[in-house]
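Colleague: The chain contents come next:
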Amino acid sequence: MNWPSSWWPNYNTIVVLAGTSVLGAGAGLAGCFAVLRRRALLGDALAHAGLPGICLGFLVWQERSLPVMLCGALVTGLLGVLVVSLLRRYTRIKEDAAIGIVLSVFFAAGTSLSRFIQTGTTGGSRAGLDSYTLGAAAGMRAQDVYLIAGVSAACLLLIVACYKEFKVVAFDPGFARVQGWPAVALDLLLTALVAVMVVIGLPAVGVVLMAALLIIPAVAARFWTERLSGVLALSALMGAAIGSVGTALSSRFSLTPAGPVIVLVGAAVFFISMLAAPRRGILALRLSQSAFARRFAEQGVLGRVLAAEAEAGPIVDIDDRSTAAATRRLIAAQAVVRDAQGQLRLTVSGRRRAEQIVRGRRLWQQLFLNSPELAPLYADLDTESIDALLPPDLIQQLEAESSTAADDRSEAQ
Amino acid sequence: MPPVLDVHDITVAYHRKPVLWDVDFTLAEPSLVGIVGPNGAGKSTFIKAILGLVPLASGSVRIFGEPVERQRKAIGYVPQRESVDWDFPVSVLDVVLMGTYSELGWIRRPGARQRQWARQCLGHVGLAELAGRQIGQLSGGQQQRTFLARALAQRAEIYLMDEPMAGVDATTERVVFGLLRELRSQGKTVLVVHHDLRTVPQYFEQVVMLNTRLVAAGPTPETFTPENIRKTYGGRLPLLDDAAEAVRMKERSA
Chain A
6 MNWPSSWWPN YNTIVVLAGT SVLGAGAGLA GCFAVLRRRA LLGDALAHAG LPGICLGFLV
66 WQERSLPVML CGALVTGLLG VLVVSLLRRY TRIKEDAAIG IVLSVFFAAG TSLSRFIQTG
126 TTGGSRAGLD SYTLGAAAGM RAQDVYLIAG VSAACLLLIV ACYKEFKVVA FDPGFARVQG
186 WPAVALDLLL TALVAVMVVI GLPAVGVVLM AALLIIPAVA ARFWTERLSG VLALSALMGA
246 AIGSVGTALS SRFSLTPAGP VIVLVGAAVF FISMLAAPRR GILALRLSQS AFARRFAEQG
306 VLGRVLAAEA EAGPIVDIDD RSTAAATRRL IAAQAVVRDA QGQLRLTVSG RRRAEQIVRG
366 RRLWQQLFLN SPELAPLYAD LDTESIDALL PPDLIQQLEA ESSTAADDRS EAQ
Chain B
554 MPPVLDVHDI TVAYHRKPVL WDVDFTLAEP SLVGIVGPNG AGKSTFIKAI LGLVPLASGS
614 VRIFGEPVER QRKAIGYVPQ RESVDWDFPV SVLDVVLMGT YSELGWIRRP GARQRQWARQ
674 CLGHVGLAEL AGRQIGQLSG GQQQRTFLAR ALAQRAEIYL MDEPMAGVDA TTERVVFGLL
734 RELRSQGKTV LVVHHDLRTV PQYFEQVVML NTRLVAAGPT PETFTPENIR KTYGGRLPLL
794 DDAAEAVRMK ERSA
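Each protein sequence line maps, in turn, to chains A and B.
Residues are numbered in the numbering used here as their position in the first sequence, beginning at 1, plus a constant of 5.
Residues are numbered in the numbering used here as their position in the second sequence, beginning at 1, plus a constant of 553.
If we strip away everything but chain A, and leave its shape as in the complex, we get (with noise of 0.2 Å):
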């Protein structure tokens, strides 16, 4: 096979790729707390925040310096979330309409002063302060590479060493804080990860992609795992592989700035875990519904021929279509049989199961009435057999009570 030269990356290619890989791992980490303790839009804040301190640190230094420029967008990313945090505590104002007050403010601002300098100021013009709006990975030089790679190093050593700490702190603050762990000391910990992964990742992928890179590996990676150790080696899995094949197609395509092609990338990787991942993906979800509607159904059918039976009366109005194929998957398994007058009747196995049913339905009936604050906590529809479900004890009493109470319907009539 003959690749086209274009395919083979020269060496910026190579430092770019570098560059978006390491940088989609680290905010892949950085974001699964984030998303965990439902601050994933906060990251969203910090970067749009990030922008006035990026003009700021020109207008400051007068000259295009990266890590000025970084530092000013630190400052105003975490004055965003001080905002965002005091207006939640000092007014009535709920979190999401703070962060969205915030964000919108704080880039306002930041593209007014971009445009101010750019007009005004001299030398202002070549500042490239529009690079910063949606980012531009391909600018990438080596030592931004190791200042990206410096930070994600950083941010999974101090996630490695306190990992129980953040655990405990993410999962119940309460209990965290009644142990003597320093919550709120971790909490901004936290915070502070994520915002030095955004902070770094705007030249790349600009202030209004960032967030993306934060919020989307964690997502994707909670659908394939129930452990939080999975999680964040996932999503810093899925963060390298969105950052570089979205770099990889950029740049085979021509697609600049390349930040849009990596989140248009974790995208359909959100899209592909969200619906395929094993138990609680959709297809998953909706399988096993309709898996245990079937069951019901049979359920249902196997209840009436019984009572049929008990009566000696023929059935059997088979309906809607649900109950057909339920009578079909019923005489599939050997549970039921046609008789010679086309009549549905038990086989043995299926009068077994059918018993079971029925004695189930009668005391659960019995356990809603007796005790009807309890039974919707024991009640499972799927489980056939009701001893799986309640102590031997109290199925004693229900069926106890539940004859007494036939009897005296029976004595009624």
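Please note that the accuracy of each hint is not assured.
Which bits of chain B does chain A cover? Going by a derived footprint, with three or more residues having C-beta under 8 Å, they are [claimed, not checked]:
#1 604-613
#2 626-633
#3 653-665
Simulated from the structure, these hints should not be mistaken for lab results.
Glycine included, every Cβ here is placed at the ideal spot set by N, Cα and C.
Assemble chain B onto chain A, guided by the hints.
Modeller: Just chain B now, kept in the frame of chain A:
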């Protein structure tokens, strides 16, 4: 010997409205204590104030004669079940292991010893076989028992439990009650926010009756009187509260 718990004239207020007002309560000896009162009477806040989780407008709390900050390791806490996100990606065993975190100190991870101890605590509440499950897959009662196991894993001297028997199945209620007895027989102190007035005399040696102010506190036989119940609940009949509780429970589990 200093009293187990000395709550000295505490007041807690949100936006100038008192939630707890001048509550003064001393527990000289280890005991099983029920905290009762109508909804919104400040029962949870009372527990949180003891734990230092809400700011006090005035007053102080001492445990074994020392400020709470110096007795952290002696305190076990069972928060309300609704206070956490049960979709959080941790297993039942992970949650119970959190009880051992304070003995570990910074950075150190729980090892084989802690794991074994956590499993033992889980077995104690009848959840040994569910250790590996993600916590969201448990029933409400099992989640409550997970929190109890975590508190047990803390090896505390004084336990504070916020409604451990609200909205749980009969098995869980039995487990909780058995546990209270057992902790008591080991000389521990347990304070429990409780909503079911019918079981108060059966479960608790002492009772704290709250309605923003402290209505009465002391040994259950002398304190838990119809007169004091009326004072605590005002015009609201406790029976109505029980009915409301049943409705709330049904809604929650639906």
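Colleague: Against each hint, give a clear statement of whether it holds in the structure.
Modeller: Status of each hint after checking the structure:
With a threshold of 8 Å between beta carbons, the proposed coverage of the region 604-613 of chain B by chain A holds, since 3 of its residues qualify and at least three are required. With a threshold of 8 Å between beta carbons, the proposed coverage of the region 626-633 of chain B by chain A holds, since 4 of its residues qualify and at least three are required. Only when three residues or more bring their CB closer than 8 Å to a CB of chain A does the claim for the region 653-665 of chain B stand; here the count is 7, and the claim holds.
Comparing the model with each numbered hint stated earlier shows that all of them hold.
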